[in-house]
Every structure is written in C-alpha cells, then in structure tokens.
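Participant: With the hints as your guide, set chain G onto chain Y.
Which chain is which? The protein sequence lines are Y and G, in order. Quick note on full-length UniProt numbering: the first sequence kicks off at 1 and runs consecutively. Quick note on full-length UniProt numbering: the second sequence kicks off at 1 and runs consecutively.
Among these hints, one or two may not hold up.
To be verified - In silico lysine to any residue, SDA-like type, Cα no more than 25 Å apart, as pairs: (1) Y/LYS145 - G/GLY34; (2) Y/LYS85 - G/GLU41; (3) G/LYS237 - Y/ASP280; (4) G/LYS170 - G/PRO112; (5) Y/LYS190 - G/ASP31; (6) G/LYS170 - G/THR194; (7) Y/LYS190 - G/MET40; (8) G/LYS71 - Y/ASP280; (9) Y/LYS143 - G/LYS71; (10) Y/LYS85 - Y/GLN63; (11) Y/LYS143 - G/ILE37; (12) G/LYS71 - G/LYS170; (13) Y/LYS270 - G/LEU38; (14) Y/LYS270 - G/THR194; (15) Y/LYS85 - G/LEU38; (16) Y/LYS143 - Y/ASN156; (17) G/LYS283 - Y/ALA257; (18) G/LYS65 - G/PRO95; (19) Y/LYS190 - G/SER260; (20) G/LYS71 - Y/GLU86; (21) Y/LYS283 - G/GLY34; (22) Y/LYS254 - Y/ASN227; (23) G/LYS270 - Y/THR126.
No lab work stands behind these hints: they were computed from the structure.
Protein chains: 2
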Amino acid sequence: MSTSTIALAIEKQMVLENGVQQVELLNGVEDSYGGIILNMEEPMESEAFVYSLRASISQWKQQGKRGVWIKLPIQLVNLVEPSVKEGFRYHHAEPDYIMLVNWIGNSTNTIPENASHRVGIGAFVTNDQREVLVVQENNGTFKGKGVWKFPTGVVNEGEDICMAAIREVKEETGIDTEFVEILAFRQSHKSFFTKSDLFFVCMLRPLSFDIQKQETEIEAAQWMSINEYAAQPFIQKHNGFSSVANVCLAKLEKDYAGFSRIPTTTASGKTSYVYFNSRDLSKL
Amino acid sequence: MSTSTIALAIEKQMVLENGVQQVELLNGVEDSYGGIILNMEEPMESEAFVYSLRASISQWKQQGKRGVWIKLPIQLVNLVEPSVKEGFRYHHAEPDYIMLVNWIGNSTNTIPENASHRVGIGAFVTNDQREVLVVQENNGTFKGKGVWKFPTGVVNEGEDICMAAIREVKEETGIDTEFVEILAFRQSHKSFFTKSDLFFVCMLRPLSFDIQKQETEIEAAQWMSINEYAAQPFIQKHNGFSSVANVCLAKLEKDYAGFSRIPTTTASGKTSYVYFNSRDLSKL
Chain Y
1 MSTSTIALAI EKQMVLENGV QQVELLNGVE DSYGGIILNM EEPMESEAFV
51 YSLRASISQW KQQGKRGVWI KLPIQLVNLV EPSVKEGFRY HHAEPDYIML
101 VNWIGNSTNT IPENASHRVG IGAFVTNDQR EVLVVQENNG TFKGKGVWKF
151 PTGVVNEGED ICMAAIREVK EETGIDTEFV EILAFRQSHK SFFTKSDLFF
201 VCMLRPLSFD IQKQETEIEA AQWMSINEYA AQPFIQKHNG FSSVANVCLA
251 KLEKDYAGFS RIPTTTASGK TSYVYFNSRD LSKL
Chain G
1 MSTSTIALAI EKQMVLENGV QQVELLNGVE DSYGGIILNM EEPMESEAFV
51 YSLRASISQW KQQGKRGVWI KLPIQLVNLV EPSVKEGFRY HHAEPDYIML
101 VNWIGNSTNT IPENASHRVG IGAFVTNDQR EVLVVQENNG TFKGKGVWKF
151 PTGVVNEGED ICMAAIREVK EETGIDTEFV EILAFRQSHK SFFTKSDLFF
201 VCMLRPLSFD IQKQETEIEA AQWMSINEYA AQPFIQKHNG FSSVANVCLA
251 KLEKDYAGFS RIPTTTASGK TSYVYFNSRD LSKL
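Chain Y with its partners taken away, still in its complex shape (with noise of 0.2 Å):
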C-alpha cells in the first residue's frame, strides 16, 4: 500500500463535521453480552476499512465494549486480512460469509464456543408384518457393499431431529411417517475433520406403504424382515451397529421406552423439544 493510496482513503473517509475532520465510523450493532456487531455489506476498501476500524474501535473501548464481531459476506473477501492484521481472529464461517471476533475488554474473554458437533439420524420404520424398511446407498461407505441398512441423514441448522428423520425417510423412500420416539444415540469423535457427530435412532410410523425411491442417492429400498436386517454380517460385526439393531427388537419384542419428545418454552421465549422417557415420568 503506498503513501498516497493510504493518503487518499484517509481523505475519501473525511466527513465534514463542526468544521473538523473526522474518520467515518463503522456501524454497529449492540448484542445483548456487552459485544457490538459489525455486519458489513456495502463493499470498502481495506485501507480505509482498517482506519474506520481502528476508530471506531477506540470509541467502543471507551464505552466498555467487549467483544467486536465482523461479518463478512464473501463478497467483502479484500476486508479479512486487514481485519487479522488488527488483531481479529476466525471464529466460525458457513459458504457465504466469515465472522471475525475480538475481545477488546479488560475482563475475562467470555467470546463463545463455536458449533461443534454435526448431528445426524437413522429412522427405524417398521409395519406391522415385522418388517423395517432399509434402503441400500450409491454413496459413501456402504457403496456397493450389499449393506440394507435404515435412511439416515443430517439434521440440518435450525432442523428438529424429529423432523429431519420425517424428511429424510420421504425423500429416499416416498413413505409418509409420524414420529415416535428416539430409541438411542451414539456420540463420535473426528467424523468430520477435527468435528464431532451426533447420530439419533428415531423410531417412526409408517402412515403410507408404496415405496418411491430417491434416484441419484439410494440404489435400493426395500421392506426387509427385522431378523433378517439384523442377521446380516456386517451389522453383526460392528457392536455399535448390533447393539442399535437390539435396541429396535427390544422395542418391538419387549417393553422397552425411548424418549418422546414434548414441545417446551426456554427462558428467552423460543419454542424447543425436550425429550425424556415419557412412559416411566407418568407412573404413578
């Protein structure tokens, strides 16, 4: 950056204000933990980005501000490393944006944890002639293993795990269904880079029969004998898979309770599903 290429962003950012000169300063917004967010959208040149920054960051420390958050679409791609080289750090990004965090207060950093799990569900759907519907995959590792295993899928952002197993059954299937309960769950480590993995077995019933394949991800589906889905070598071979498979003849065979879901109200007034043994809560 030379002399007068910094000289003339300082000059494009003077505004006229009682007669005296001053830096323009960004626009942001206050959060609710003592924190100002930046979300950036008109495009900007780094330099005079890095001096609108830098003083409107000595405001927000004279008012006690904490944590500073910069959004930036992709779009604004010039701003990150100018925003790095004034002390900022990545905290988390999704395809179209970066969001960058600095804590300017005195106190302990208190910036929260990033996301840190994916989650994902296995449906256990099955009729009333014993049987579970299975699907075989065109992709990933059970790719052409003759594997019939349950649909399954990723619980997507903002998606209650009871909906995405609804979702994810049609979509591979066409069959209708209704949730029931999460029979278990299986916590993994390193699934994806250094992320971990949820996986919810969710039991649901079928209330339609017709199977309408998915084409370009599932090769087959299928209705299948529970004993036979459970039978085969590679479900036996794994104890995490066999120990679900036993989960769900229990469920069929024996008296055994998942959790139910019922819908609930948090503190901060946002509705969201708690799940627990329903059956054993109601005993008297």
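Facilitator: Same frame as chain Y, now just chain G:
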C-alpha cells in the same frame, strides 16, 4: 497486481525439469472420497500461489478429483482472497485456521455439511439427603437473579458428553462424580447466531461432598433440598425447566430409566459411546 509482478511471480515458480519450465504444483493429500486436501503451512506470495493453484487444479481435474480443500492457518490470511477469487467458498473456520472448498468434479456436489450444533450439559448431582448440587453464576442470563441452577457447561469438540459433565462439576464446585445416566435432553435453535443447540441433563453420583467453588465464574454453590430447587419461581415459570425438574424428581421417587452408555466400535474402528435405556433392554 502489475504485469511485472506477475512475471516475477511466475519466474519464481519455475522449475527446470527435463529442460522444460513448469509451474510448481501444490502438494495435496488425497482423501478417501476422491478429493484433495491442501494443508498450506509455509508462507507463500499470493501471486505465486494462484499460478500453482491453477496448475494443480488442472492436473487434479485430469485425474478425476472432485472436492478440493484448502486449509489456511491464520498466518497465511493473505491467501484467503486469492482462493475465493479462484472459485473457492468458505467451509468452516476455527480461531487459528480457515477451511475453503471447491467442487471441481462433474458429478453432484457431495461436500459434507459444516457442524451445525453446539452441545451443552447440565449436571444433576444428588446426595443421600435428597439434596441437589446447585450454583449461582457470575455471568450470563442468570447473573444477579438469585436463581439456583445445576452446574452447566459446553461439551468440547472431541469430548464425550458423560466426561464433560464430570469435568464441569469438578471445575465449578470441586465435587468428584461418576456418570449414571442421561435423563433428558433439549434441542433449541438460533441459540448462537444461526446455530442450534443440544443440551443433555446428566445424572451423576457424587464421590465427594465438600464444595470448593470456582472463583471467577461461580458466585455461590451449595447442596439444596431438591423440592426447594424445583419450587423456585423461575423454574416453575418456564416449562423447559420445570419439565426437567419433574424428570429429576421422577428419577428420585419413581422407577425412571434414562439412557446409560456402552462403549462401541464404529465401522471405521473408532470407539464411541452409544446411549440407550439399558434397564428395559435387559428385561426378559
């Protein structure tokens, strides 16, 4: 970037091989999904990087590669903008690095989703006198409200839920515990920007009883009658809290079965815990 800068950059990347000048290729590692992972570690000029990246991608396309990942430590922030201008998108970021990705294959994009959930725990620890271990916090939503709550905390990336509960209780109160069961869990959304949240209520058995409270985060800690805990106006007012309190009371007073854990081995050979209702599974 001036023409002479480009020429210099190209020249610096030239290597003589069998008398032919070539741009140096980047050293990517193949992943198991037909992709390439570039772990950039050494500093590099942006211009040189762009030429090497173009040449490398050209070769990877010929080899039928599909997803190309670039991991950039924060020290190499100068390579973020050139990567985006070459067609890469953000995938995720942690404080000290950003991961970018580009799908160069002809088939459907199967880039996996980013982590979507944060995971937290609340610890239900009771002694023989029907007392529960509770704290008041120095920070956050409950600061200064006089609410007694279970010790809570965030599950780290790579940490087991059961272990996180034991760790948080030890950190906040000094009490040693062992894991018993997960009694319930709650899923909520937009708890942190767009990210979702899973909160597990873990029952722990105390192995010690003398409280040594943590200084910076915890205002006060004590053993409190479970009925007194559940009767707090704040708990009664929010059914998210009261339903959890009811589950905990049911655990003490009725025959309530939560989910206990067994270690299992996944298809890829990793150890991970499966959580389920082991009491019902062991029924005849």
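Participant: Now tell me, hint by hint, if it's right for this structure.
Facilitator: These are the hints, each one checked on the structure:
no.: 1; hint: Y/LYS145 - G/GLY34; verdict: 18 Å, holds
no.: 2; hint: Y/LYS85 - G/GLU41; verdict: 18 Å, holds
no.: 3; hint: G/LYS237 - Y/ASP280; verdict: 24 Å, holds
no.: 4; hint: G/LYS170 - G/PRO112; verdict: 36 Å, violated
no.: 5; hint: Y/LYS190 - G/ASP31; verdict: 14 Å, holds
no.: 6; hint: G/LYS170 - G/THR194; verdict: 31 Å, violated
no.: 7; hint: Y/LYS190 - G/MET40; verdict: 20 Å, holds
no.: 8; hint: G/LYS71 - Y/ASP280; verdict: 49 Å, violated
no.: 9; hint: Y/LYS143 - G/LYS71; verdict: 28 Å, violated
no.: 10; hint: Y/LYS85 - Y/GLN63; verdict: 23 Å, holds
no.: 11; hint: Y/LYS143 - G/ILE37; verdict: 22 Å, holds
no.: 12; hint: G/LYS71 - G/LYS170; verdict: 36 Å, violated
no.: 13; hint: Y/LYS270 - G/LEU38; verdict: 41 Å, violated
no.: 14; hint: Y/LYS270 - G/THR194; verdict: 14 Å, holds
no.: 15; hint: Y/LYS85 - G/LEU38; verdict: 23 Å, holds
no.: 16; hint: Y/LYS143 - Y/ASN156; verdict: 23 Å, holds
no.: 17; hint: G/LYS283 - Y/ALA257; verdict: 12 Å, holds
no.: 18; hint: G/LYS65 - G/PRO95; verdict: 29 Å, violated
no.: 19; hint: Y/LYS190 - G/SER260; verdict: 22 Å, holds
no.: 20; hint: G/LYS71 - Y/GLU86; verdict: 22 Å, holds
no.: 21; hint: Y/LYS283 - G/GLY34; verdict: 53 Å, violated
no.: 22; hint: Y/LYS254 - Y/ASN227; verdict: 15 Å, holds
no.: 23; hint: G/LYS270 - Y/THR126; verdict: 29 Å, violated
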